Amino acid sequence: MAEKKAVKSFLWGALTGAITGAAAALLFAPKSGRELRGDIADTAQKVGEKTAEISRQAGSAVQTLAKRTSGLITDIRSRRSQEAAEAVSTDEKEEEAAAL
Numbered sequence: 001m002a003e004k005k006a007v008k009s010f011l012w013g014a015l016t017g018a019i020t021g022a023a024a025a026l027l028f029a030p031k032s033g034r035e036l037r038g039d040i041a042d043t044a045q046k047v048g049e050k051t052a053e054i055s056r057q058a059g060s061a062v063q064t065l066a067k068r069t070s071g072l073i074t075d076i077r078s079r080r081s082q083e084a085a086e087a088v089s090t091d092e093k094e095e096e097a098a099a100l
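Quick note on full-length UniProt numbering: the sequence shown kicks off at 1 and runs consecutively.
Be a bit skeptical, because a hint or two may be false.
As the list claims (entries may be wrong) - Keeping only pairs whose Cα atoms sit at most 27 Å apart, straight-line, the calculated DSSO-like set for lysine-lysine is:
(1) K8 x K31
(2) K5 x K67
(3) K31 x K67
(4) K4 x K31
(5) K4 x K67
(6) K67 x K50
(7) K31 x K5
(8) K4 x K50
(9) K46 x K67
(10) K67 x K8
Hints are computed from structural coordinates only; laboratory data are not their basis. Note that the structure is predicted; figures quoted are calculated from it, not measured.
Could you put together the complete structure from these sequences and hints?
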């Protein structure tokens, strides 16, 4: 869990750094206002597209994880039910043997 949190923190830091660096590069570049606004618009569009792509990938990963977790839970419940049924059956056999 801590490892995932560290990875998440790193990714957020990298994304923030990339955005900040891109903005600083655009603002300090010697360009006219019209060119600068165009570059900012292009960069903002690229960042938006990348963010949408990452969110789609994250959503897909979450769905896959949810399906796997659901399958595991179903398997565990099935095993528990089977174990409980076997325990009841064993108890009934022991009671019958004790009654004889």
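Evaluated hints:
no. : hint      : result
1   : K8 x K31  : violated (36 Å)
2   : K5 x K67  : holds (22 Å)
3   : K31 x K67 : violated (51 Å)
4   : K4 x K31  : violated (41 Å)
5   : K4 x K67  : holds (20 Å)
6   : K67 x K50 : holds (26 Å)
7   : K31 x K5  : violated (40 Å)
8   : K4 x K50  : holds (21 Å)
9   : K46 x K67 : violated (32 Å)
10  : K67 x K8  : holds (22 Å)
Of the numbered hints listed earlier, those contradicted by the structure are 1, 3, 4, 7 and 9.
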